[in-house]
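Line by line, the protein sequences give chains A and B.
First residue of the first sequence? That's 1 in the numbering used here, and the numbers climb one at a time after it.
First residue of the second sequence? That's 708 in the numbering used here, and the numbers climb one at a time after it.
Honestly, I wouldn't trust all of these hints.
[Claimed, not checked] Far from chain A, some chain B residues (derived; all Cβ distances over 12 Å): (1) Gly807; (2) Ser812; (3) Leu844.
[What the hints assert, rightly or not] The following label-pair restraints were derived from C-beta to C-beta distances: (4) A:Asp504 - B:Ala721: 36 to 44 Å; (5) A:Asp597 - B:Glu855: 45 to 53 Å; (6) A:Lys659 - B:Leu838: 55 to 63 Å; (7) B:Glu862 - A:Arg497: 38 to 46 Å; (8) A:Lys599 - B:His806: 49 to 57 Å; (9) A:Ala114 - B:Glu734: 55 to 63 Å; (10) B:Glu862 - A:Asp582: 21 to 29 Å; (11) B:Glu855 - A:Ser448: 28 to 36 Å; (12) A:Val73 - B:Gly792: 34 to 42 Å; (13) A:Asp612 - B:Glu734: 52 to 60 Å; (14) A:Asp110 - B:Cys790: 37 to 45 Å; (15) B:Glu855 - A:Gln376: 28 to 36 Å.
No lab work stands behind these hints, which were simulated from the structure alone.
For every residue, glycine included, the Cβ atom is placed at its ideal position computed from N, Cα and C.
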Amino acid sequence: MNELGSPLETFREEARELLEQLEQHLMQLEEDPADHDSIDGAFRALHTIKGSGNMFDLDDLVGFTHIVEAVFVRVRDGKLPVSRELIDLSLQARDHISLLLTATESGTLDTEVAERSRLLSVAFEEYLDAETSAVSGGVAGKQNSEAPKDSEHESEGECTYRIEFTPAADSFLTGANPLLILNELAELGTILKIGYCEAIPDLKEIEPEYCYLRWVILLTTDQGENAVRDVFIFVEGSAEIKIDVIDEADPLIGESGYKRLGEILVDRGEINPKDLESAVSSKSYIGELLVKKGFVSEEQINSALQEQNYVRDIRENRRTVETSTTIKVKVEKLDELVNLVGEFVTMHAGIAMVAERKNDQDFRAAAEQMEGLIRQVRDLSIELHMVPVEILFSGYRRLVRDLSEDLSKQVQLKLEGTETELDKNVIDSLKDPLLHIIRNSIDHGIESPEVRTKKGKPPTGTLRLSAYYSGASVVIQVVDDGAGMDVERIRQKGIERGVIDSSDRYSEQDILQLIFAPGFSTNEEATNVSGRGVGMDVVRRNIEAIGGSIRIQTEKDVGTTLSIRIPLTLAIVDGLLSRIGDSLYLINLSYIVECLDLKDVRTAGNGGDMIDFRGEIVPFLDLRRYFGVEGAAAEHPQLVVVAIEEKKIGLVVDALLDKYQSVIKSLGKIYERVEGISGAIILGDGKPALMLDVDRLVKVTRDEVKK
Amino acid sequence: MSADTEKYLVFSVAEEKYAVEVVRVEEVIEAYGITPVPRTPSYLLGIINLRGRIVPVLCVRRRFGFEAAVTTTDTRLVVLQVCLGEELVSLGAVLDAVHGVVDISPSAIEKRPALGNSGDQHIAVTSIAKLENELLLVLDADRLLTREYLDDSYEHLRRQAGG
């Protein structure tokens, strides 16, 4: 069973990911041309693609990537400044590499692609040539010299320092307690302190208030050398301090060993190389030998040995940490896991029910314990399936850039709440709808710089993508500061098309929702970007398909906000089990506002078809009647008040049972046209029950009231 | 048993005997534990849980235009694999009784055009098997429920509710 694709397939997959990263780095560089991390990132991505491509003899791909990489070497070395043109060209190169990658599937390169390779290569080679003149002009060279070599250690990950610290003898008198300094160092990272006692005199000669100790400290930290130096700031003048970098986190160095003992001693200046050589030549244990020969003290040898061990450990650790932080897992496997855990939850509900019925204390206790465990497994498996929306959002940077260029508009994209996590499946289903919304915002929302200036707005428009948690949902907003929607025009259009009538009973939100109707567009001129109203109905359908809803807020000349509310996960739902007739139905808890006894509720409205819910007049739906259940109504019908986007309705059911947590299963093709039911669950006794489609019921009920 | 015979499941609905290819049959179970789904055509009985899978259930009697029968100890639920549109789906069919499996040679099967209107039992019967002492109506499982018929039924239901 070979579930993995061929190595070449794996390479393509990885290369595509790297290209994504490359694009992100380039977009970042456009905003901040001096961002070292992005320059390095872009270089690394290109370098890896080239390197891996080489293994498969993909000459076209490797050759082209090599030239682009060469340019980025110059950029990284500060010999070539990042310019808008370079970013432009690099983005084109990125797309071209992607094309070449696709070409590796068929194995042939058509002449058009080959020609483009050549043209782009020539363009990049110009940068390689231009570099020499730039350096001689001294422009780019200057930039480089501004970065002192030391600063390299400041951001470059973890480093191990050897600090030789000899406090002044009178440091206790001046209040510079070496112990405090050692403690402070320990806070920076992993530390090994080796104290030297050799300077302590005989007891009768000791001056009790003097410090006779010195230390060699090995410190592994990612805080940078300056942070280490800062610790010594108050003793700098009096103490002897020597700081050396002895080990760096360099992915290229794979070895876990460290310098040999003799080398360490030479490094520290405790022995001169000549003495070492003479000792080594006599072939014995080096440490013993050096002590015997009187070149170094035993203490010095021990200390060096400790250093050897310490660095070796740090390196070992780093290797294990690096290999164990992440592993790649196929999404399908995660899907399967989430599904199985879902079954597990369902099955446990069955066991719990039996335990309850048997009324066996031990059995019940065991079932309860199991529940806790299952909950943990469930949460973990759902967590595994969650990814930050950053992945989704940052994918639009390129779109915004290209689109605004095409439309001669200036648009700045801002991302907020990118760390918000969502189910991977939800993210996938949001990709296209968001793309459409963003296109619309740039095309129809944000005005051209001239118009904006005339309106007294800054010429550059802002498009904000933000995400935040709200209960069991995540809200994603697309906010533009453009022209806003013309509600009156949409209303006129709606009347024209006979979707609404001219009465004033429609709220602004109702009218705005019309833009999601199939084929509805107020835009007179079609553009090749967003077309004529094509797609907004698809947008809503896609979002509703994952249990989401969409809302519009708009203000003329201030802008438009589209808010998409979606459930955190599609897999498992917390619901309230209720009974209607002989059947059980699950109502999603996140929609429920309150449950009341129907007899405690006053009806309102002319036909008694409304209820007075805390002063608010709310329509309600008798589900017995809606579902055509025969027989006498229940004695104490219950009212469940639900709300979607603040639209409330009451649902009348026969009885409320229990909270219930379950996987939602699809009803399948045959029942896809059923109204008011969105899926099925399996109860503890193995019988299926139905899940109410609250979204639909709210809509149906409120439409009914309008008529 | 000659090599070129095929196995058929024999069952009865409203006093008539039918045969359906065994390869289409997933399993035969008791017609028990059906959860009705409201606002659906009357021939759809609801759903069952088939080892964690939700399977829709259809009443063959009602589908063929007969009155529904009282469930007896003979009543069975046969889970069939049927094509609905482009997709292969599992469909539970509630029948009056299942009699067993027989081998039928292709030469004993006579094709005939599907007769009757879409609500009739003959719409799903495209051939007849002539056995030694009886005739069996051969059921084309894919014609038991078609996309068009389903859409029409929902449309009909919607008009009824609206009117």
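A quick look at each hint next to the structure:
1. Gly807: 28 Å, holds
2. Ser812: Ser812 of chain B is indeed farther than 12 Å from all Cβ atoms of chain A, at 34 Å.
3. Leu844: 24 Å, holds
4. A:Asp504 - B:Ala721: 36 to 44 Å: Since Asp504 of chain A and Ala721 of chain B have Cβ atoms about 58 Å apart, the given range 36 to 44 Å is violated.
5. A:Asp597 - B:Glu855: 45 to 53 Å: Since Asp597 of chain A and Glu855 of chain B have Cβ atoms about 47 Å apart, the given range 45 to 53 Å holds.
6. A:Lys659 - B:Leu838: 55 to 63 Å: Since the Cβ atoms of Lys659 of chain A and Leu838 of chain B sit about 57 Å apart, the hinted range of 55 to 63 Å holds.
7. B:Glu862 - A:Arg497: 38 to 46 Å: 23 Å, violated
8. A:Lys599 - B:His806: 49 to 57 Å: 55 Å, holds
9. A:Ala114 - B:Glu734: 55 to 63 Å: 58 Å, holds
10. B:Glu862 - A:Asp582: 21 to 29 Å: 28 Å, holds
11. B:Glu855 - A:Ser448: 28 to 36 Å: 51 Å, violated
12. A:Val73 - B:Gly792: 34 to 42 Å: 57 Å, violated
13. A:Asp612 - B:Glu734: 52 to 60 Å: 53 Å, holds
14. A:Asp110 - B:Cys790: 37 to 45 Å: Given about 40 Å between the Cβ atoms, the range holds.
15. B:Glu855 - A:Gln376: 28 to 36 Å: 49 Å, violated
Comparing the model with each numbered hint stated earlier shows that hints 4, 7, 11, 12 and 15 do not hold.
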